[in-house]
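S.K.: Once you have looked at the hints, place chain B on chain A.
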Amino acid sequence: MTGRSAPVAWSLVQRGLHWLGATLVLIGFGLGWWMVAVPFRALLLKFTLYQAHKTVGLIIFLVTLWRIGLRCGRVRPPWPEHMAPRSRHVAALVHASLYVLLLAVPVLGLLTAATAPINIPTLLFGFIPLPHPIAPDAARFALLQPVHRALAILLVALAAGHAAMALRHHRRGVDVLRRMWRPTRGDC
Amino acid sequence: MADLVPAAFRRLLAFGVLLGLMAGPAGAQETYHLDPAHARIGFAVSHLGLFQTTGQFQRFDSRLRIDPARPERTEISVDIDAASVAMSNAEAVAMLRSPAHLDVAAHPRILFRSTGIGVLDARHFRIQGDLEIRGIRGSVVLDAAMTERHRDPAAGADVTDFQITGTLDRTTYGMVADRDFISDSITLQISARLLLAARHDGP
Chain A
1 MTGRSAPVAW SLVQRGLHWL GATLVLIGFG LGWWMVAVPF RALLLKFTLY
51 QAHKTVGLII FLVTLWRIGL RCGRVRPPWP EHMAPRSRHV AALVHASLYV
101 LLLAVPVLGL LTAATAPINI PTLLFGFIPL PHPIAPDAAR FALLQPVHRA
151 LAILLVALAA GHAAMALRHH RRGVDVLRRM WRPTRGDC
Chain B
1 MADLVPAAFR RLLAFGVLLG LMAGPAGAQE TYHLDPAHAR IGFAVSHLGL
51 FQTTGQFQRF DSRLRIDPAR PERTEISVDI DAASVAMSNA EAVAMLRSPA
101 HLDVAAHPRI LFRSTGIGVL DARHFRIQGD LEIRGIRGSV VLDAAMTERH
151 RDPAAGADVT DFQITGTLDR TTYGMVADRD FISDSITLQI SARLLLAARH
201 DGP
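Residue numbers (my numbering), protein chains in the order written: chain A, 1 to 188; chain B, 1 to 203.
One chain only, chain B, in its complex shape:
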């Protein structure tokens, strides 16, 4: 069968099978929320090319809308509470919340809406989307790597973990403060866990 099915279609099929396993009743669009206990939206910036500092956003809502019949139409949306930015230093957090950086008072939400998902192979995806920070919209491309589906005893179900990476240029979103010390390029380090339908043995 491998000879008869083109590689690209096979990959899409694999993604579709995965989503089919994830979905409940066939045909309906399903909406999933990522498990907040296992989700992390982190970022890192470089300083003078010498070292990095990292932080994360602690409050966000994420939605994964899947149509098993049309897996390429999967939509991911993330709504981040900008004020929930956290770093190890309180002064740094206050600085990030200020108008010169995230300006959380005027722009309390950071929004992401995916516009397309490409399947690279059975476990690697490329997510394209629109990101809105400080009311300014830019496009980002994220790379998602998926682990094997495995059982999580604590959840009592099968799960799969994602590691999602990408970079963005903060100046695109009007964040130009402290360019002499903070890099323009921000590395995104996102991890997520999807709770899958329980594996059924038998036909």
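Bound conformation, chain A alone:
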């Protein structure tokens, strides 16, 4: 934006947030399936898992906002040299979709929690209340819960595809993975 040349790699903060976000998505996804599978007989465990899942979701949302801020404020490292324009467009679309989903899924999750008729509050780390923006409503819950679930599955599927492509590029000697992990040349 200021006429700087493109950096050769992502910054330390960008790399850290990328892997933090990826880890949290996997943890949050796992918690989501576990928490609904736990029966009512194990109430305390179920409650704890739900609160942990919601806490992870909020952190993902905040990390993503931060990442988008960094992404908008910096010139990105260049596309690999021999990557066709069509491939670049697809990659850019996937990346943009990931950012959108990383925001949408937590928002839908909060709305799902808010509309759940059982009306259990959201307590981050088990004790910090996060206000619910809307009231319990069985009809809205019946709509929001499957959408949250479906988009979470889509997010993980896209992330898996994104990771698979990164590995594919890496094996072909393209440095996209290296510059998100530990660049050999200094970062900017």
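Please note that the accuracy of each hint is not assured.
[To be verified] Which stretches of chain B does chain A cover? Using the computed rule of at least three CB atoms under 8 Å from a CB of chain A, they are:
(1) 50-63
(2) 84-97
(3) 177-187
[What the hints assert, rightly or not] Here are the simulated distance ranges between beta carbons:
(4) A/H95 <-> B/E91: 38 to 46 Å
(5) A/A142 <-> B/V141: 38 to 46 Å
(6) A/I134 <-> B/E72: 46 to 54 Å
Bear in mind the hints are in silico, worked out from the structure with no lab data behind them.
Glycine included, C-beta positions come from ideal geometry on N, C-alpha and C.
M.R.: Same frame as chain A, but now just chain B:
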């Protein structure tokens, strides 16, 4: 007259007058059923001291037996269909019906029989009674607050509403499951409406 009549007797008299207004022919014991459309037997429990969840029983029969000549001998009995427990979550209801909690298969009825009614003032009463849950009997004390007698156009008669509150310890009745998440103390939130005799103007 206020100076001559002791306060306690005055209160009892007020209750008796109320019941007299409610009763039909003088002298007979009258049995009243509470209006199910306006009756609610609800409960609330606390979780980790952080929040509450609530529920109610949807099917019950209640009887109020009054002897206007002896208002202190008023008897209240409630027969609750334990399986009619309702909460906003189906899994929670299934859990409450299970043997670990209400055990509705073995104990389909929750019973309450009052053993005494104390008059605190013209609109506040204390109801003592025996409560039977899961075949185990315990005693409870309920506080009843009565609203003013008012006309309900829909019913075409005068009514009075009661808000009844109390607490019980579920472990008294053998319900000890999930103590790490569900409080022992259950708060009762009961509302009831009594249909009174139509107000007569004149002598």
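S.K.: Each of the hints needs a verdict: does it hold here or not?
M.R.: Consistency of the hints with the structure:
1. With 3 residues carrying a beta carbon less than 8 Å from a beta carbon of chain A, the stretch 50-63 of chain B meets the three-residue requirement, and the given coverage holds.
2. Evaluation of the coverage hint for the stretch 84-97 of chain B: fulfilled, as 7 residues show C-beta separations to chain A shorter than 8 Å, against a requirement of three.
3. Counting residues of the stretch 177-187 of chain B whose CB falls under 8 Å from any CB of chain A gives 4; the rule of at least 3 is met.
4. For the pair A/H95 and B/E91, the beta carbons lie near 39 Å from each other, so the given range of 38 to 46 Å is met.
5. Take A/A142 and B/V141: their Cβ atoms lie about 42 Å apart, and the range 38 to 46 Å holds.
6. For the pair A/I134 and B/E72, the beta carbons lie near 50 Å from each other, so the given range of 46 to 54 Å is met.
Checked against the numbered hints given earlier, the structure satisfies every one of them.
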